[in-house]
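S.K.: Construct the complete structure from the given sequences, taking the supplied hints into account.
Below, each chain spelled out in residue letters.
There are 2 protein chains.
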Amino acid sequence: MYKLVEVKSGVCAAEGFFADGVSAGLKSGNAKDMAFVYSQEMCEIASVFTTNKMAAAPIRHFKAKGNFQTNFVLINSKNANAMTGKAGISDIDEILATLPTCVSNPVMSSTGVIGVRIPKEKIIQSAKLFDLSQCEPHAAATAIMTTDSFSKEKAFRVELADGSSFHIGAMAKGAGMINPAMATMLCFITTDAKVSKSEMQAILERATLTTFNAASVDGDTSTNDTVMLLSNAQSDTYNAEAFEAALHEIMRFLAREMVRDGEGATKLVTYNVTGAKDDAEAEIVAKALSNSLLVKTALYGEDPNWGRIASTVGASGAEAYEEKLTISFEDVCVYKKGELFFDATMEAKAASVMKKGSFTISCDLGIADGVFEAYGCDLGYKYVEINADYRT
Amino acid sequence: MYKLVEVKSGVCAAEGFFADGVSAGLKSGNAKDMAFVYSQEMCEIASVFTTNKMAAAPIRHFKAKGNFQTNFVLINSKNANAMTGKAGISDIDEILATLPTCVSNPVMSSTGVIGVRIPKEKIIQSAKLFDLSQCEPHAAATAIMTTDSFSKEKAFRVELADGSSFHIGAMAKGAGMINPAMATMLCFITTDAKVSKSEMQAILERATLTTFNAASVDGDTSTNDTVMLLSNAQSDTYNAEAFEAALHEIMRFLAREMVRDGEGATKLVTYNVTGAKDDAEAEIVAKALSNSLLVKTALYGEDPNWGRIASTVGASGAEAYEEKLTISFEDVCVYKKGELFFDATMEAKAASVMKKGSFTISCDLGIADGVFEAYGCDLGYKYVEINADYRT
Numbered sequence: 001m002y003k004l005v006e007v008k009s010g011v012c013a014a015e016g017f018f019a020d021g022v023s024a025g026l027k028s029g030n031a032k033d034m035a036f037v038y039s040q041e042m043c044e045i046a047s048v049f050t051t052n053k054m055a056a057a058p059i060r061h062f063k064a065k066g067n068f069q070t071n072f073v074l075i076n077s078k079n080a081n082a083m084t085g086k087a088g089i090s091d092i093d094e095i096l097a098t099l100p101t102c103v104s105n106p107v108m109s110s111t112g113v114i115g116v117r118i119p120k121e122k123i124i125q126s127a128k129l130f131d132l133s134q135c136e137p138h139a140a141a142t143a144i145m146t147t148d149s150f151s152k153e154k155a156f157r158v159e160l161a162d163g164s165s166f167h168i169g170a171m172a173k174g175a176g177m178i179n180p181a182m183a184t185m186l187c188f189i190t191t192d193a194k195v196s197k198s199e200m201q202a203i204l205e206r207a208t209l210t211t212f213n214a215a216s217v218d219g220d221t222s223t224n225d226t227v228m229l230l231s232n233a234q235s236d237t238y239n240a241e242a243f244e245a246a247l248h249e250i251m252r253f254l255a256r257e258m259v260r261d262g263e264g265a266t267k268l269v270t271y272n273v274t275g276a277k278d279d280a281e282a283e284i285v286a287k288a289l290s291n292s293l294l295v296k297t298a299l300y301g302e303d304p305n306w307g308r309i310a311s312t313v314g315a316s317g318a319e320a321y322e323e324k325l326t327i328s329f330e331d332v333c334v335y336k337k338g339e340l341f342f343d344a345t346m347e348a349k350a351a352s353v354m355k356k357g358s359f360t361i362s363c364d365l366g367i368a369d370g371v372f373e374a375y376g377c378d379l380g381y382k383y384v385e386i387n388a389d390y391r392t
Numbered sequence: 393m394y395k396l397v398e399v400k401s402g403v404c405a406a407e408g409f410f411a412d413g414v415s416a417g418l419k420s421g422n423a424k425d426m427a428f429v430y431s432q433e434m435c436e437i438a439s440v441f442t443t444n445k446m447a448a449a450p451i452r453h454f455k456a457k458g459n460f461q462t463n464f465v466l467i468n469s470k471n472a473n474a475m476t477g478k479a480g481i482s483d484i485d486e487i488l489a490t491l492p493t494c495v496s497n498p499v500m501s502s503t504g505v506i507g508v509r510i511p512k513e514k515i516i517q518s519a520k521l522f523d524l525s526q527c528e529p530h531a532a533a534t535a536i537m538t539t540d541s542f543s544k545e546k547a548f549r550v551e552l553a554d555g556s557s558f559h560i561g562a563m564a565k566g567a568g569m570i571n572p573a574m575a576t577m578l579c580f581i582t583t584d585a586k587v588s589k590s591e592m593q594a595i596l597e598r599a600t601l602t603t604f605n606a607a608s609v610d611g612d613t614s615t616n617d618t619v620m621l622l623s624n625a626q627s628d629t630y631n632a633e634a635f636e637a638a639l640h641e642i643m644r645f646l647a648r649e650m651v652r653d654g655e656g657a658t659k660l661v662t663y664n665v666t667g668a669k670d671d672a673e674a675e676i677v678a679k680a681l682s683n684s685l686l687v688k689t690a691l692y693g694e695d696p697n698w699g700r701i702a703s704t705v706g707a708s709g710a711e712a713y714e715e716k717l718t719i720s721f722e723d724v725c726v727y728k729k730g731e732l733f734f735d736a737t738m739e740a741k742a743a744s745v746m747k748k749g750s751f752t753i754s755c756d757l758g759i760a761d762g763v764f765e766a767y768g769c770d771l772g773y774k775y776v777e778i779n780a781d782y783r784t
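Keeping their order, the protein sequence lines are chains U and H. Each residue of the first sequence is one higher than the last, beginning at 1 in this note's numbering. Each residue of the second sequence is one higher than the last, beginning at 393 in this note's numbering.
Since the hints were made in silico from the structure, they are not lab data. Keep in mind that a hint or two might mislead.
As the list claims (entries may be wrong) - One-sided and incomplete, this derived list gives chain H residues near chain U with beta-carbon spacing under 7 Å: (1) G421; (2) T615; (3) T689.
Cβ atoms here follow ideal geometry from the backbone N, Cα and C, with glycine treated the same way.
M.R.: Right, here's the structure in full:
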């Protein structure tokens, strides 16, 4: 038995963690664009990175270090330090070398424009402004935002049956370039649970599959996707089941928040696929739906165009049959196993479901027991506006 | 030796073929929405259909007939007759049973909205208006359009060294839902070449791979995609090399026309991928580029954001290395094997390439000899406008 109690302190919820955000002049108008996460005690690290072959310099820098502990993560927005070759790596070394001596084995994480050298001097100067005694999780969460329209944070105190407790807290950024195979997203999670590195890594990977990897904004996968989980074991307590439940809940929340904040998105849609040949095929279908431009534009138009959903199911590659498929918008069934009963009344009902900011589209393939849930959004004019002119 | 001479008569270019379009009241304002292609002589048929598991009734109807010859194809727009189950099939039988007695083994092809029974009576009444002696290829090509903004036709007289000649002519429709695995497209090709069914089928399949299957507007694959090639052998002559060259040229032209007419598209972009591990990997990369929303919106914004191209190459799954990749906009190289030299001057040059209505983006992966060329377009406000409200 355990209880998850939501707390407000984001990435500083866990004992002994500090965080803040400052402005390094990378964003315009003195907006915060650099953040740190710091622990006095050294931390074990679990991590999941992009599968993009053009992985950015910070990711290659991290991986080159092999197995290590750290107590400091430096994060900047506005520049991804991607496609910057060896220079990108040595820029990171130079920056990290200037940090205070209490910092040990620091790592860096970046997000922003690809293919431009990182403004090293600005970052070095601004890192001197960090006050490592600050607990300003919201400032940190704000600093790592790029095209995000709101910051994303979530934290729990996990109360165990024996009266002991530990914390997990997180911040994330991500709005566009979010894809089922990770996302243009950064997520930093801290915990004071006394969890081993290997267990933490296994749980993090499992949770990623059904949270960040189930979220899609535009089907693109970035060079910088990073999920990092730091544990300083300060609570001296742990329970695997409670830890996994809390971590999954936090990551699911953040994944859905990223989709809700999808560039120009007005709707958060949950695709609930059931009855597939197996879970893998359900996943293929759910992700095909969340990535389909025709489905996404129909959502934007609040048009219950179930034919596009059926067509996308059929095009996904998964086993599917017209006479076994059932499609519903929330509890409004619009197509059932070959029966055509979609009339004006039903269309009005389905359209009213679609006016909601968040709803579920269910597809039962009627074949076997495979299930998967994916999260997607609509695509409207605003997405085009944001992305046609991102760099300038 | 052979010579391809372009002729204007589209799907009627080949000897003994007739075609026309009429209005059945499916589209508003008496616009043409039904077409036929007819030959007095029976024809061998080669065909390629969608891989969508929800293949529409006309495709299932065609396939159920097995091996057969025909002299008549009936085509309607505005209703796809897809997701209509057994009723959709029997509707086709009823419609085809009403055709004149000179018609033998007729087939039907449909495009339009999914999930609505076909307006059988309207179609039967209007088919009575067909005058099978008409050669109005442009009327036919116009009648099969849906969201197309212009009709697509192409025909050649193929002149052989011995003085004999044959013809190949075609019409196609397609603008949205165009995808590398076929497209929401119909294409009808007629020829008077004396070609065997099996050879015609093999050549058609080969040509599809590098033409219609290399074209992408929005990455969705439809329920109705059909390419049909009819030969009535009236010319009594044939040359395999010339036939394949002419067919490929026609299909490549039509594929590019469909992309150029992509819903809301303002640019036709050729993605020329070279240096991949093999042709299959080059194809993966080229199609990933033509389908990437971030690339497509950057094209629309005329923003030479090569970082998004690099990221998409990296995310495609194909083998790729930052230090081996080279990216060019026409002859303006913007990134070369790890070198960052993209400055304001270069950006201005690349941006001026992007102002053109049609241009090439080249990616050399620098690994081996794999090549593929794909065709894509940009994505702008107009795409959203067209697709958010298609049915109403």
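S.K.: Are the hints correct? Go through all of them and say.
M.R.: Okay, the hints, checked on the actual structure:
| no. | hint | result |
| --- | --- | --- |
| 1 | G421 | violated (22 Å) |
| 2 | T615 | holds (5 Å) |
| 3 | T689 | holds (4 Å) |
This entry does not satisfy hint 1, going by the numbered hints stated previously; all others are met.
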